[in-house]
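So the sequences go chain by chain: A and B.
Using our numbering, read the first sequence as starting at 1 and increasing by one per residue.
Using our numbering, read the second sequence as starting at 1 and increasing by one per residue.
Among the hints, erroneous ones may be present.
What the hints assert, rightly or not - The list that follows gives simulated cross-link-like pairs (lysine-lysine, BS3-like), each with its CA atoms no further than 27 Å apart:
(1) A/89 to A/52
(2) A/52 to B/52
(3) B/23 to A/52
(4) B/23 to B/89
(5) B/190 to B/161
(6) A/23 to B/161
(7) B/89 to B/190
(8) B/89 to B/120
(9) A/89 to B/23
(10) A/23 to B/89
FYI, nobody ran anything at the bench for these hints, they're computed from the structure.
Number of protein chains: 2
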Amino acid sequence: MEQIEPISRMINALSRLPGIGQKTAARLAYHIAGMPLDDVRDIAAALWQGRKAVRYCAVCGNYSVDELCSICSRTERHNGQICVVRDPKDVNAMERMHDYQGLYHVLHGTLSPMDGVGPKDIRIQELMDRLQDGSIHEVILATNPDIEGEATAAYLARMIKPMGITVTRIAHGLPIGLDLEYADEVTLSKAMSGRHEM
Amino acid sequence: MEQIEPISRMINALSRLPGIGQKTAARLAYHIAGMPLDDVRDIAAALWQGRKAVRYCAVCGNYSVDELCSICSRTERHNGQICVVRDPKDVNAMERMHDYQGLYHVLHGTLSPMDGVGPKDIRIQELMDRLQDGSIHEVILATNPDIEGEATAAYLARMIKPMGITVTRIAHGLPIGLDLEYADEVTLSKAMSGRHEM
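Given these sequences and hints, build the entire structure.
Right under this line is the structure:
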């Protein structure tokens, strides 16, 4: 059966979201078609008005409602550390840890020559500008441990070290709770090379 | 970190959809917050306008744009068979088979005394009304093979058989491609009791 037009329109829209394939989109669309009108209006309004209300922090590039995000606007977070991540969702992941007290810098991408993404295409210049006033003593590179993330970290380290600022990379190794036998080779190799004396 | 308000609003809205937990909702919300405005407007509009455009077929209860659904409005489907299912999505599943040429009846629920769902709460009377004019010679009960689905099928069979209409139940057994050793006991038991001579 061809789907009726309003439902196939919902399926097309939903399947544009990450991790939502045709089958999941169809399941959601069938559910939404049977929901009370008010509930569907609430969801549509939350997405559209939510999206309109979000902008990027003028300093760090994180999602924000105001010109400065909730982290950059708190003076107690200005402790001389900047943690560099790829996406706003990575800021959220770091904050869930409740451990890091410094600032962030969101690159909005990673260097990827294969995809034509060079240093000028991500927020590297903005990071360099932030390092000029001497208030930052450590830059923590927390890009993902994949090819692009490692390349970006290496590039940034080469740029920043000559400024006399400490550059660190988050550790990679065995995740807590994962048995050795289930770890992939790259993770194991990172865990070995990053070993420390007990 | 507490999420900023527009993002937590998106997360709350998305997590009301089936199969979307807090974590998936957060992943989607972070993605949507970074999407182009026009794309998000398209998605919100597809959901809201799609929902507004969907109603129930006045005869079978399937999703429809017009008063009669695309199946009930085609005379070649009026072959004397009605397949009874629980939800509109079940009609879609049956139609994907491209094999069944008759009509449908969507109950919009199954009998469930534990949840207070009785015969008057689902579209059973509407089904009985459709059977009055003598044009239907077979009712195929295709409710799910769970407790409520079986109870509903048994109830309907008791109601319809005295009218001289053939009542059939779709077969339950081993799904194609599933090895015996992985089948659950109830499925195996259904497969045994439904065995037929070769």
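We went through each hint and held it up to the structure:
1. Distance restraint check for residue 89 of chain A and residue 52 of chain A: the Cα-Cα separation of roughly 18 Å lies within the 27 Å cut-off, and the hinted pair is therefore satisfied.
2. Distance restraint check for residue 52 of chain A and residue 52 of chain B: the Cα-Cα separation of roughly 23 Å lies within the 27 Å cut-off, and the hinted pair is therefore satisfied.
3. Restraint check for residue 23 of chain B and residue 52 of chain A: satisfied, since their Cα atoms lie roughly 22 Å apart, inside the 27 Å limit.
4. Only pairs whose Cα atoms come within 27 Å are accepted, and residue 23 of chain B paired with residue 89 of chain B is accepted, the gap being roughly 26 Å.
5. Between the alpha carbons of residue 190 of chain B and residue 161 of chain B the distance comes to roughly 23 Å, so the proposed pair stays at or under 27 Å and holds.
6. A threshold of 27 Å between alpha carbons decides the hint, and for residue 23 of chain A with residue 161 of chain B the separation of about 37 Å lies outside it, so the pair is violated.
7. Distance restraint check for residue 89 of chain B and residue 190 of chain B: the Cα-Cα separation of roughly 24 Å lies within the 27 Å cut-off, and the hinted pair is therefore satisfied.
8. For a cut-off of 27 Å, the pair hint linking residue 89 of chain B to residue 120 of chain B stands: about 22 Å separates their Cα positions.
9. The hinted pair formed by residue 89 of chain A and residue 23 of chain B meets the criterion: a straight-line CA distance of about 12 Å does not exceed 27 Å.
10. Under the criterion of a C-alpha separation no larger than 27 Å, the hint pairing residue 23 of chain A with residue 89 of chain B is consistent with the structure, at around 12 Å.
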